[in-house]
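Start from the sequences and build out the full structure, keeping to the hints where you can.
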Amino acid sequence: MELICPAGTPSSLRTAVDAGADAVYCGFRNETNARNFPGLNFSPEELVEGVAYAHRHGAKVLVAINTFPRAGALELWRKAVDDAVAAGADALILCDIGLMAYTAETYPDIRLHVSVQAAAANPDAIRFYVERFNAKRVVLPRVLSVPEIAAITRATTCEVEVFVFGGLCVMAEGRCSLSSYATGLSPNMNGVCSPASHVAYEEASGTVTSRLGGFTINKFGKGEPAAYPTLCKGRFKTELSTGYIFEDPVSLDAATLLPGLRDAGVKALKIEGRQRSRAYIENVVRSFREALSALEEGRTIPAGMLLSMSEGQSNTLGAYRKTWR
Amino acid sequence: MTTLHAPVVAFPPFVSAALRPLPLHPLQFFLSAVLRRIVRQHPRMFERLGHYAGKRYGLAPSDLPFGFVLDTAPVGPGIAVVRSLPAGLDATISGPLQALLGMASGAYDGDALFFSRTIVVEGDIEAVLALRNAIDDAGVDILREGTALLGPLGRLGEALLRHQRRGDTGAGNRKRQGASSWN
Numbered sequence: 001m002e003l004i005c006p007a008g009t010p011s012s013l014r015t016a017v018d019a020g021a022d023a024v025y026c027g028f029r030n031e032t033n034a035r036n037f038p039g040l041n042f043s044p045e046e047l048v049e050g051v052a053y054a055h056r057h058g059a060k061v062l063v064a065i066n067t068f069p070r071a072g073a074l075e076l077w078r079k080a081v082d083d084a085v086a087a088g089a090d091a092l093i094l095c096d097i098g099l100m101a102y103t104a105e106t107y108p109d110i111r112l113h114v115s116v117q118a119a120a121a122n123p124d125a126i127r128f129y130v131e132r133f134n135a136k137r138v139v140l141p142r143v144l145s146v147p148e149i150a151a152i153t154r155a156t157t158c159e160v161e162v163f164v165f166g167g168l169c170v171m172a173e174g175r176c177s178l179s180s181y182a183t184g185l186s187p188n189m190n191g192v193c194s195p196a197s198h199v200a201y202e203e204a205s206g207t208v209t210s211r212l213g214g215f216t217i218n219k220f221g222k223g224e225p226a227a228y229p230t231l232c233k234g235r236f237k238t239e240l241s242t243g244y245i246f247e248d249p250v251s252l253d254a255a256t257l258l259p260g261l262r263d264a265g266v267k268a269l270k271i272e273g274r275q276r277s278r279a280y281i282e283n284v285v286r287s288f289r290e291a292l293s294a295l296e297e298g299r300t301i302p303a304g305m306l307l308s309m310s311e312g313q314s315n316t317l318g319a320y321r322k323t324w325r
Numbered sequence: 001m002t003t004l005h006a007p008v009v010a011f012p013p014f015v016s017a018a019l020r021p022l023p024l025h026p027l028q029f030f031l032s033a034v035l036r037r038i039v040r041q042h043p044r045m046f047e048r049l050g051h052y053a054g055k056r057y058g059l060a061p062s063d064l065p066f067g068f069v070l071d072t073a074p075v076g077p078g079i080a081v082v083r084s085l086p087a088g089l090d091a092t093i094s095g096p097l098q099a100l101l102g103m104a105s106g107a108y109d110g111d112a113l114f115f116s117r118t119i120v121v122e123g124d125i126e127a128v129l130a131l132r133n134a135i136d137d138a139g140v141d142i143l144r145e146g147t148a149l150l151g152p153l154g155r156l157g158e159a160l161l162r163h164q165r166r167g168d169t170g171a172g173n174r175k176r177q178g179a180s181s182w183n
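One line per chain: the protein sequences are A and B, in this order.
The numbering of the first sequence is the numbering used here, which starts it at 1 and goes up by one.
The numbering of the second sequence is the numbering used here, which starts it at 1 and goes up by one.
Derived by calculation from the structure, the hints in this document are not laboratory data.
Treat the hints with care, as some may be off.
[Claimed, not checked] For lysine to aspartate or glutamate, the following EDC-like pairs were computed, each having C-alpha atoms within a straight-line distance of at most 20 Å:
1) K322(A) - E148(A)
2) K222(A) - E122(B)
3) K219(A) - E122(B)
4) K222(A) - D63(B)
5) K219(A) - E203(A)
6) K267(A) - D90(A)
[What the hints assert, rightly or not] Quick look at which bits of chain B chain A covers, simulated, 3 or more residues with Cβ under 8 Å:
7) 23-34
8) 105-118
9) 123-130
10) 135-147
Where a beta carbon is used, it is the ideal one built from N, C-alpha and C, also for glycine.
Here it is as structure tokens:
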């Protein structure tokens, strides 16, 4: 199985390659990618340098152009496709069918991957992308169990890539409106979930209060692990109880499920976190590279090796093992 | 780059007490020279800061009796050592000195330090992210830049400080699955 690793900056790209990534995914410094955060991402020139570095070391570069173009502003997204192809990208990760059509018609030889933002979660949807746009790979949403993934790989010729570590989005990706509701900006259109421009933290007597768009979404008591300021990980008071309504603040860590994912026919393993630092990239990539070596050699894969990197200092197997069923 | 698994260690209170009576000017003079060196050697850092260049950041080591004001003005950035942070800063980052230095040098992940409550960020969070990402990409090693100004004595000091860090993991090229070709 290939190890697909995030890079928010050129330096992170080199770190991921050096740590053993088979491929690195990254995006441009604008709203064409779903990690459009301040100080992150690549200029077209930086992408050219990054691709050259990766290729020199035997790794590939995938360019995520995984937001939905606005009506009347198609040129920014098409230019991103043009620039990525010109830079020598090995594949493009797309979610919008209009942009897929542009890419397939303009650059029939470029490899096309279906982004998780397309929320293609069944064989019929995946088959559509394969037949219409010659998609070679689909990144599955993080809502499927391992048996459900196996059923998909049996029913399609398309390569399957799944997330194995990092921030966990349990919504129908590409269609979640929580961030839009609170801030007017979304990962789908603007490339930012819970944009930093609308985030506020306040520390008083050891308690940190996090707010998004004016809504108080959590309070962390003294010493309590903190979480990203996203509404889906907010702690709310309802008539029934006070707690995490949508999901707990935890990170996905599917290292111990690698044998099952391999047997399910998964082709590639994706690490989330283009917004994270070089320290995160190196730790997580190296850990999963070693986990894959252990898998190959029949050794036991250690669990919980990356707790310190995890949101809320806690990990989960997420939907891969749906214990709530 | 060397990343660290070990938890951040704060200076014991007596260090802060011992440093409290000392004048700040020598430190300010030294840090200004370090900043000038960093700016000279990492010009792309300001390009990555984009329109956040010009923001003023307060850096508050929780285990030291003073803090720093970093002015990221593209022309003439500066750093000031202060007994307490002034009002009107765009953002503040506070935590043990080892966490602040380690985050800047790429040894610690800023989000992980936030999750573990080791650091606290307040103010303009966009500006904080921009600064963190720009420094992380530039690969600034503040410890090395600082000790480089001190000559052989500095290099010895750097070696001692790095030796104190437990859990250094090293880096280097790792085994890849193999350069598989795609169709």
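**Study point:** Indices of hints not satisfied (ascending)
**Key:** 7
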